[in-house]
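**Q** These protein sequences, in sequence, are chains A and B. Using the working numbering, the first residue of the first sequence is number 210, and each one after it goes up by one. Using the working numbering, the first residue of the second sequence is number 210, and each one after it goes up by one.
Hints are supplied without guarantee of correctness; some may be wrong.
If several chains are the same, the list does not tell them apart, and a pair holds so long as it fits within one copy or across any two.
Claimed, not checked - Below, in silico cross-link-like pairs of lysine to aspartate or glutamate (EDC-like), each with a Cα-Cα straight-line distance of 16 Å or less:
#1 627 - 378
#2 236 - 536
#3 540 - 425
#4 540 - 320
#5 328 - 541
Simulated from the structure, these hints should not be mistaken for lab results. Quick caveat, the model's predicted, so the values are computed rather than measured.
There are 2 protein chains.
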Amino acid sequence: MRIGLIGVGTVGGGVVEILESKSDFYKESLGLNIELALVCARSDEELAPFKEKGYPVTTDAMALIQDPSIEVLVELAGGYELPKKWIQAALEQGKHVVTANKALLAKYGHELFPLAKEKGVHILFEAAVGGGIPIIRSLQEAFVGNEVQSLSCIINGTANYILTRMSQEGLSFQEALQEAQEKGYAEADPTFDIEGIDAAHKTALLASLSSRTYVDFEKIYVSGISSLTSADIAFAKDLDCSIKLLGIYNKVEDQIDVRVHPCLVPNDHLLSSVNGVLNAVFLECDNLGPTLQTGAGAGKLPTASAVVADLVALSRYASKLPPIPMDFFQKETKANLLPISETKTRYYFRFTTQDSYGVLANITRVLAESRISIESIIQKGVQDPGKVSIVVITEKTIESRVNAAIEKIDALESVSDKSQVIRFLM
Amino acid sequence: MRIGLIGVGTVGGGVVEILESKSDFYKESLGLNIELALVCARSDEELAPFKEKGYPVTTDAMALIQDPSIEVLVELAGGYELPKKWIQAALEQGKHVVTANKALLAKYGHELFPLAKEKGVHILFEAAVGGGIPIIRSLQEAFVGNEVQSLSCIINGTANYILTRMSQEGLSFQEALQEAQEKGYAEADPTFDIEGIDAAHKTALLASLSSRTYVDFEKIYVSGISSLTSADIAFAKDLDCSIKLLGIYNKVEDQIDVRVHPCLVPNDHLLSSVNGVLNAVFLECDNLGPTLQTGAGAGKLPTASAVVADLVALSRYASKLPPIPMDFFQKETKANLLPISETKTRYYFRFTTQDSYGVLANITRVLAESRISIESIIQKGVQDPGKVSIVVITEKTIESRVNAAIEKIDALESVSDKSQVIRFLM
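Build the full structure now, drawing on both the sequences and the hints.
**A** This is how it looks when you write it as structure tokens:
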């Protein structure tokens with residue numbers, strides 16, 4: 210499958226990087242040949258690194274689109290009018306389109322999707338909404354046995370970062386925005402992110418997929434986060450809530466309720482712990498109950514990964530290939546398993562000991578002899594008469610040392626019960 | 210596409226229910242005709258309700274498998290030896306297979322998947338791991354531009370329920386197990402769930418998909434939760450951790466580290482807030498960063514939804530159909546949007562008032578006249594000299610009443626700043 214790429218900014222560069230690093234896997238394991246046939250950008254300067262690597266390059270987008278050997282246009286330039294023209298022309302030429310351009314699809318999707326249908330081609334846009342979250346694929350394919358009854362999403366990483374910092378550090382909105390700008394999470398003109406416009410683009414697309422109707426982004430109620438103050442964040446805490454900028458979709462009888470605004474989210478709700486630049490989509494569907502998907506919302510490689518997943522899907526479709534094969538599930542490709550004795554984690558040991566002089570010294574001596582470093586020790590008051598719980602947290606230790614040490618400790622006269630061993634996740 | 214179903218227990222019944230309720234959608238919107246051609250169970254009693262609805266039924270599984278008009282076997286009987294025989298026979302006959310049988314696939318996948326490949330057919334098993342979480346599809350398709358570096362999952366709802374109750378209510382393991390049994394979350398013989406065997410079946414499958422190698426379930430280190438005590442749960446809290454039964458996969462140079470055991474999870478980790486019978490899969494991939502998917506782990510309809518999603522995928526493949534169309538994205542199917550003025554939520558109002566007699570009375574009078582019911586009021590000490598913050602939480606109220614009321618309150622002489630209005634999620 211020959212693809213033409215317009216736009217070599219952050220995401221475009223990431224797509225080239227991933228295609229290069231994964232092309233052997235796609236060829237050998239998936240039987241797919243995804244070829245970057247032509248790269249287009251506004252200037253020769255932008256194209257220079259790609260030309261150097263040997264890719265054919267052009268500054269003429271229409272030449273790319275009119276090249277009959279190119280089957281897929283990957284549009285990663287951003288903006289409205291030019292990309293719309295390119296995508297329309299590509300669809301007219303019978304090319305599939307992969308794009309991350311949520312603004313364009315939210316505004317002109319009702320023109321572009323019908324054209325794609327008419328021409329028998331596809332517009333895929335997993336990268337347009339929550340780059341690292343496969344939410345488009347989930348709504349279209351995984352939850353095809355379900356109807357979305359409500360959807361709430363944290364879908365703008367910049368706004369979520371600002372609100373997280375206001376909450377965690379007590380920063381004012383302006384301070385948090387400035388920090389986000391310094392860290393590269395917010396643009397010099399942050400309007401689209403902080404006023405909820407970007408979130409509304411994405412929410413309109415998710416609401417369309419959820420309702421299987423065309424949701425006009427211009428008609429959605431949108432309110433941003435710039436009017437939130439530290440006082441609101443503090444009151445929210447008193448209410449055991451977090452404030453999040455949410456995109457919301459609800460099915461309400463024969464209407465749908467779609468809006469984007471700051472929202473008080475109870476702290477026992479899964480969305481409340483989605484912090485920083487993370488995105489998340491919370492769904493309630495019939496036949497399914499609540500589900501949450503969370504991951505990177507933006508960024509070079511997460512977004513590029515989603516573009517590449519769309520390219521693989523198109524490539525399989527174009528080749529009339531079946532679902533991705535499970536052909537590794539055989540003796541010839543048997544896994545090389547790390548023995549449990551060689552795994553390394555932090556450990557929690559709980560020793561139940563007699564409340565006698567020298568017990569702790571005995572235990573720590575065995576651990577030291579076993580070359581197990583102690584991170585901390587907690588000794589709790591007597592539970593059963595004469596018995597004491599000693600909890601030892603270790604530094605990262607190889608499991609084989611642990612088994613030998615615990616065996617020795619369990620054999621100590623002053624240790625009364627079998628010791629408890631629990632591993633840490635990290 | 211004609212399917213034959215073996216097994217009409219909980220999940221089998223759910224599949225029939227969903228196929229019935231969604232068949233119009235599949236026919237009309239997706240162009241798919243998924244026909245339940247034959248239903249098989251052990252006894253006429255089990256089959257009676259399906260016979261009554263007009264489905265052809267049989268108690269002879271091999272007759273179903275040998276029916277050349279049936280293209281897909283849906284195996285939902287459970288167990289090892291018989292289902293293995295049926296699936297082998299079905300694959301030999303060139304039938305696709307959809308199953309929720311993780312035990313079977315973990316044990317015999319290395320025999321069944323190569324046979325499927327040889328015969329040019331597919332075994333799909335989204336329902337086998339985390340029913341409501343599309344993790345198989347995500348690993349195979351969405352994250353095809355990524356390599357899984359580590360995976361940690363809460364993949365057994367029974368164990369997670371028990372640990373949640375031990376943590377939330379201070380129950381002992383035995384008490385929590387008994388409660389789970391009473392609520393139908395644990396079986397009379399809970400061994401598979403509490404000793405980590407079910408989690409190991411699923412973890413082996415996820416580790417296979419993550420590593421694209423065959424992970425032998427028998428070789429995985431498995432340790433269950435039955436030895437955990439209230440003391441451990443309490444110490445974990447002191448350490449700002451939760452204890453979860455985790456399935457773990459790590460790539461370690463040229464080996465893979467796969468294990469199932471109780472694990473201390475820091476409370477700021479997304480997995481720590483996955484409670485009750487919920488399942489979750491946390492991934493760290495190259496090019497992607499951390500992602501979490503959470504949802505129902507088991508249950509009739511969530512599991513059945515996953516079976517149906519696999520049937521839709523197979524049906525599209527069998528019909529050589531392209532990705533699920535976005536043909537609703539056009540003027541003719543424009544959404545019927547609920548106006549924001551008609552939405553109903555709970556509200557947070559923050560009024561900044563002069564610290565004068567009667568302000569609160571004025572505000573509550575306006576709210577009462579606007580027919581807005583108050584749930585609670587918080588009045589905080591003076592921030593700026595002479596200014597007081599009054600926070601009012603309302604009961605569910607229609608937005609149109611809110612706007613009118615806030616306008617009136619902002620016009621009150623004693624209200625000094627523009628009032629803040631934030632909606633609640635729930």
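**Q** From the Cα coordinates, with 16 Å as the cut-off, is the pair residue 328 and residue 541 best called within, between, both, or neither?
**A** neither (44 Å within a copy, 18 Å between copies)
**Q** Give the relationship of residue 540 and residue 425 under a CA distance limit of 16 Å: within one copy only, between copies only, both, or neither.
**A** Intra 53 Å, inter 9 Å, cutoff 16 Å: inter-copy only.
**Q** At most 16 Å between alpha carbons: which applies to residue 627 and residue 378, within, between, both or neither?
**A** Classified as neither; 44 Å inside a copy, 25 Å across copies.
**Q** At most 16 Å between CA atoms: does that hold for residue 236 and residue 536 within a copy, between copies, both, or neither?
**A** Within one copy only: 14 Å inside a chain, 32 Å across chains, cut-off 16 Å.
**Q** With identical chains, the pair residue 540 and residue 320 could be close in the same copy or across copies; at 16 Å between alpha carbons, which is it: within, between, both, or neither?
**A** Intra 51 Å, inter 9 Å, cutoff 16 Å: inter-copy only.
Hints 1 and 5 from the earlier list are contradicted by this structure; the remaining hints agree with it.
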